[in-house]
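Could you slot chain W onto chain Y? The hints should help.
These protein sequence lines are chains Y and W, in that order. If you read the first sequence in the numbering used here, its first letter stands for residue 8, the second for the next number, and so on. If you read the second sequence in the numbering used here, its first letter stands for residue 8, the second for the next number, and so on.
Since the hints were made in silico from the structure, they are not lab data. Note that this is a predicted model, so its numbers are computed, not measured. Check before you lean on any hint, since a few could be wrong.
Copies of the same chain are indistinguishable here, so a pair counts whether it falls within one copy or spans any two.
[What the hints assert, rightly or not] Straight-line alpha carbon distances no greater than 27 Å define the calculated DSS-like cross-link-like pairs of lysine-lysine that follow: (1) Lys40 to Lys225; (2) Lys208 to Lys345; (3) Lys428 to Lys92; (4) Lys34 to Lys225; (5) Lys50 to Lys170; (6) Lys294 to Lys401; (7) Lys47 to Lys34; (8) Lys157 to Lys345; (9) Lys157 to Lys208; (10) Lys401 to Lys337; (11) Lys115 to Lys104; (12) Lys401 to Lys95; (13) Lys92 to Lys401; (14) Lys337 to Lys115; (15) Lys115 to Lys95; (16) Lys50 to Lys40; (17) Lys95 to Lys428; (18) Lys345 to Lys401; (19) Lys152 to Lys345; (20) Lys157 to Lys95; (21) Lys428 to Lys294; (22) Lys104 to Lys152; (23) Lys225 to Lys48; (24) Lys48 to Lys34.
As a plain string of letters, each chain reads:
There are 2 protein chains.
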Amino acid sequence: MMKIMMSESNQTWYETLLTRTQLTNEKVNQAVKDILDNVKKDKDAAVKRYTYAFDGALLPSLRVTEEEINEAYLNVDAQLIRNLKYAKSNIEDYHQKQSSQDFVIERKGVRLGQRTRAIETVGIYVPGGTAAYPSTVLMNAIPAKMAGVKRIIMVTPPSRDGKINPNILVAAHLVGIDAIYKVGGAQAIGALAYGTEEIPKVNKIVGPGNIYVAVAKKMVMGDVGIDMIAGPSEVLIIADETANSREVASDLMAQAEHDVLAASILITTSSDLAQRVQDDINTLSMKLRRRDIIQKAMDQYGAIVIVKSLDEAIAIANQIAPEHLEIMTKNPEEVFDKIEHAGSVFLGRFTPEPVGDYVAGPNHTLPTSGTATFASPLSVYDFVKRTSYISYTKEALYEASSYVIGLADAEGLDAHACAIKVRFDEDKR
Amino acid sequence: MMKIMMSESNQTWYETLLTRTQLTNEKVNQAVKDILDNVKKDKDAAVKRYTYAFDGALLPSLRVTEEEINEAYLNVDAQLIRNLKYAKSNIEDYHQKQSSQDFVIERKGVRLGQRTRAIETVGIYVPGGTAAYPSTVLMNAIPAKMAGVKRIIMVTPPSRDGKINPNILVAAHLVGIDAIYKVGGAQAIGALAYGTEEIPKVNKIVGPGNIYVAVAKKMVMGDVGIDMIAGPSEVLIIADETANSREVASDLMAQAEHDVLAASILITTSSDLAQRVQDDINTLSMKLRRRDIIQKAMDQYGAIVIVKSLDEAIAIANQIAPEHLEIMTKNPEEVFDKIEHAGSVFLGRFTPEPVGDYVAGPNHTLPTSGTATFASPLSVYDFVKRTSYISYTKEALYEASSYVIGLADAEGLDAHACAIKVRFDEDKR
Numbered sequence: 008m009m010k011i012m013m014s015e016s017n018q019t020w021y022e023t024l025l026t027r028t029q030l031t032n033e034k035v036n037q038a039v040k041d042i043l044d045n046v047k048k049d050k051d052a053a054v055k056r057y058t059y060a061f062d063g064a065l066l067p068s069l070r071v072t073e074e075e076i077n078e079a080y081l082n083v084d085a086q087l088i089r090n091l092k093y094a095k096s097n098i099e100d101y102h103q104k105q106s107s108q109d110f111v112i113e114r115k116g117v118r119l120g121q122r123t124r125a126i127e128t129v130g131i132y133v134p135g136g137t138a139a140y141p142s143t144v145l146m147n148a149i150p151a152k153m154a155g156v157k158r159i160i161m162v163t164p165p166s167r168d169g170k171i172n173p174n175i176l177v178a179a180h181l182v183g184i185d186a187i188y189k190v191g192g193a194q195a196i197g198a199l200a201y202g203t204e205e206i207p208k209v210n211k212i213v214g215p216g217n218i219y220v221a222v223a224k225k226m227v228m229g230d231v232g233i234d235m236i237a238g239p240s241e242v243l244i245i246a247d248e249t250a251n252s253r254e255v256a257s258d259l260m261a262q263a264e265h266d267v268l269a270a271s272i273l274i275t276t277s278s279d280l281a282q283r284v285q286d287d288i289n290t291l292s293m294k295l296r297r298r299d300i301i302q303k304a305m306d307q308y309g310a311i312v313i314v315k316s317l318d319e320a321i322a323i324a325n326q327i328a329p330e331h332l333e334i335m336t337k338n339p340e341e342v343f344d345k346i347e348h349a350g351s352v353f354l355g356r357f358t359p360e361p362v363g364d365y366v367a368g369p370n371h372t373l374p375t376s377g378t379a380t381f382a383s384p385l386s387v388y389d390f391v392k393r394t395s396y397i398s399y400t401k402e403a404l405y406e407a408s409s410y411v412i413g414l415a416d417a418e419g420l421d422a423h424a425c426a427i428k429v430r431f432d433e434d435k436r
Numbered sequence: 008m009m010k011i012m013m014s015e016s017n018q019t020w021y022e023t024l025l026t027r028t029q030l031t032n033e034k035v036n037q038a039v040k041d042i043l044d045n046v047k048k049d050k051d052a053a054v055k056r057y058t059y060a061f062d063g064a065l066l067p068s069l070r071v072t073e074e075e076i077n078e079a080y081l082n083v084d085a086q087l088i089r090n091l092k093y094a095k096s097n098i099e100d101y102h103q104k105q106s107s108q109d110f111v112i113e114r115k116g117v118r119l120g121q122r123t124r125a126i127e128t129v130g131i132y133v134p135g136g137t138a139a140y141p142s143t144v145l146m147n148a149i150p151a152k153m154a155g156v157k158r159i160i161m162v163t164p165p166s167r168d169g170k171i172n173p174n175i176l177v178a179a180h181l182v183g184i185d186a187i188y189k190v191g192g193a194q195a196i197g198a199l200a201y202g203t204e205e206i207p208k209v210n211k212i213v214g215p216g217n218i219y220v221a222v223a224k225k226m227v228m229g230d231v232g233i234d235m236i237a238g239p240s241e242v243l244i245i246a247d248e249t250a251n252s253r254e255v256a257s258d259l260m261a262q263a264e265h266d267v268l269a270a271s272i273l274i275t276t277s278s279d280l281a282q283r284v285q286d287d288i289n290t291l292s293m294k295l296r297r298r299d300i301i302q303k304a305m306d307q308y309g310a311i312v313i314v315k316s317l318d319e320a321i322a323i324a325n326q327i328a329p330e331h332l333e334i335m336t337k338n339p340e341e342v343f344d345k346i347e348h349a350g351s352v353f354l355g356r357f358t359p360e361p362v363g364d365y366v367a368g369p370n371h372t373l374p375t376s377g378t379a380t381f382a383s384p385l386s387v388y389d390f391v392k393r394t395s396y397i398s399y400t401k402e403a404l405y406e407a408s409s410y411v412i413g414l415a416d417a418e419g420l421d422a423h424a425c426a427i428k429v430r431f432d433e434d435k436r
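The shape of chain Y in the complex, shown without the other chains (with noise of 0.2 Å):
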């Protein structure tokens, strides 16, 4: 059962939501690092005894074959084909907007400037079982597509058959992974960052993954670029009298239903609302398959926190800096412009959390666990890489010799003095 609380009776009812991710636990670190460094030393063998002990599948390769792809083909819904060539048409139009941005500067003898460039050679870890979802793949995979990465390489975790879920298959080939290896959790990690017989090394890893899979990101990160530490969902709502109570019961539903951590939160200047709504949730989640999870969920991390005005909701919201931020208000433009912290903002009535899940365009990959007040969705920018470029004339160069030579003297660094004095030596004999 949802929480109903008063916003000033517990003032510090959010901590536990924003901690309940912090990695450290000292057992799952020493079991990481043994594995990353098992891998780095025995590479395929050790990717192939993990890979039997833990997902109990016993692989001679680990590689995708094209006839397993066009057997998924088989396996799939037509429909699903469909839908998933929709949801990466408005994927790609919405990151084709987060165009790199090259410039030059020129003055007087002096021409600098930026160069973009996609990043290799990428990494996508997938979860497998029954959080294997094909818009993981799409979201991951569409933005470095559209960056120009070079190569795209996939990982998930095997059944006990040595299968992979079809569903994830097709979405790969229809975004244009280059391959695919049977591997997950943290042998999946270590293969990507340090490569294996059969499997590239990367140079940078994104996608989402349990705690083992979070875990070795932090540790290979350095050795290799990675995207973020993904923590478990959650979804904020501010919501006034004017919200409808069942649409909002769902939405929660919707995050709690991902996982026992996760997070759905309503704050509402409407105690009538605050009480519909969670007798909806009672009513609604009934038949739900799901149902189990989402109430954990509720129970644990839950809360319909009831406001004196939408100030105060806002205030809130920017103190959680939620993942996900539903506006179900009279005018929700006005409550997004006080915004100040949020992966991703769903606006009015009709836009509930799923459809940015799945179709709208922009990622599902966000920040979580209050990151979003430092973090950014996953973009094109996360696929690319800059490089500076400077070029003096002599002229500039001795325009801009004092500057120089008197910051490397402050600094104590008189080498760097010498090298701008060697250059007008000869002039001087």
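Chain W only, in chain Y's frame:
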């Protein structure tokens, strides 16, 4: 003495170079973990304890006062202020071009887009002692300022007498830092990440530091944002027979004087140049203050590699993905065009790297140790975060509904499907 080698003689000589920064020292890890835990728990008391233990300074209060800043102005060379202002103006011009990209897409009944806002509070770490550089302050604070960061906090370790290098204080004042605290090392990172009585918690921490600072940044990553894990500095110079050996030698030394771990590498098509550079280093280094550091760095990580062609030189450069790349060839632009990975590129004879360190305009905080394959120079983009937003009309949602419901069903998420269906329930009644 710089080693001269033929490119084919040892294909893996640069591997030591790319791995010289791996943060795998267990003792350091444990020490940093303890410091972070204690700062989190005891806040200012822990910070002051560590500052006394590590820096020898017993401080009643951590914040730098206005009087101390005024005093610093009296203690710096008047020329320094002129030099810093010149650098500041060029750095601002360059970073101004890194504007954020807001956009909106409208299609029938759908409005969506990307909105950018500055990160609210940022902490800048500035090393102390002999590596207390005013240029570090400029390069980290200016992009934050241009992004619109509201509050910029600086931390830097005090000397034994409890004072901060006046050059640093003046630079901080010139760029408009909001508050400066006398604390360094892992304890400074802990204070910024979790907040103390005196030091505010920030949203993101940037700036270079020693191994303790780097490890601490990696550990707090996720609780706050960080820029990158900076390793020791490196320069790679591609030169042909047209290059001047004294200039090449000076630039290699300018890099090496930073740190005994710094790497200076010359890749040249001219064995004649190779020999002359080696000789010139021996001659020129004699009169430099940091000749011992230069010698050690060059012995360990320095190399002069003779290649058969510029294409071979380019291939090696792309393998190493150097932080700084100088191109001193007949046609530098042609070489640059084939460079895939580099932090910053310096084109032609009159663009020695120190001009970029100080005054040209591009940022000098660059990806090290091969991370230029996926990372970029520090920029305005590092101080903003993006929020996506979506707004659908009822008709637009209806049109998208079969796709969303289909994908939700394929993923086994029926509460997601319910969130769409419930919006049209009433229509059916």
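To see whether the hints hold, each was checked on the structure:
1. Lys40 to Lys225: both (11 Å within a copy, 15 Å between copies)
2. Lys208 to Lys345: Classified as between; 22 Å across copies, 44 Å inside a copy.
3. Lys428 to Lys92: between (61 Å within a copy, 22 Å between copies)
4. Lys34 to Lys225: both (15 Å within a copy, 19 Å between copies)
5. Lys50 to Lys170: within (21 Å within a copy, 52 Å between copies)
6. Lys294 to Lys401: Between copies only: 25 Å across chains, 77 Å inside a chain, cut-off 27 Å.
7. Lys47 to Lys34: This pair counts as both: shortest intra-copy Cα distance 20 Å, inter-copy 22 Å.
8. Lys157 to Lys345: between (40 Å within a copy, 16 Å between copies)
9. Lys157 to Lys208: Within one copy only: 14 Å inside a chain, 40 Å across chains, cut-off 27 Å.
10. Lys401 to Lys337: between (64 Å within a copy, 15 Å between copies)
11. Lys115 to Lys104: For Lys115 and Lys104, only the inter-copy Cα distance (18 Å) is at most 27 Å; the intra-copy one is 34 Å.
12. Lys401 to Lys95: For Lys401 and Lys95, the Cα distance is within 27 Å only across copies (22 Å; inside one copy 52 Å).
13. Lys92 to Lys401: between (56 Å within a copy, 22 Å between copies)
14. Lys337 to Lys115: between (55 Å within a copy, 22 Å between copies)
15. Lys115 to Lys95: Intra 47 Å, inter 18 Å, cutoff 27 Å: inter-copy only.
16. Lys50 to Lys40: Only inside one copy: Lys50 and Lys40 sit 15 Å apart there, 30 Å across copies, limit 27 Å.
17. Lys95 to Lys428: between (57 Å within a copy, 22 Å between copies)
18. Lys345 to Lys401: Result: close only across copies, 25 Å inter versus 51 Å intra.
19. Lys152 to Lys345: Classified as between; 21 Å across copies, 34 Å inside a copy.
20. Lys157 to Lys95: Classified as within; 19 Å inside a copy, 38 Å across copies.
21. Lys428 to Lys294: between (79 Å within a copy, 13 Å between copies)
22. Lys104 to Lys152: So Lys104 and Lys152 pass the 27 Å test inside a copy (14 Å) and across (26 Å) alike.
23. Lys225 to Lys48: both (19 Å within a copy, 24 Å between copies)
24. Lys48 to Lys34: both (21 Å within a copy, 22 Å between copies)
Consistency note: the structure conflicts with none of the earlier hints.
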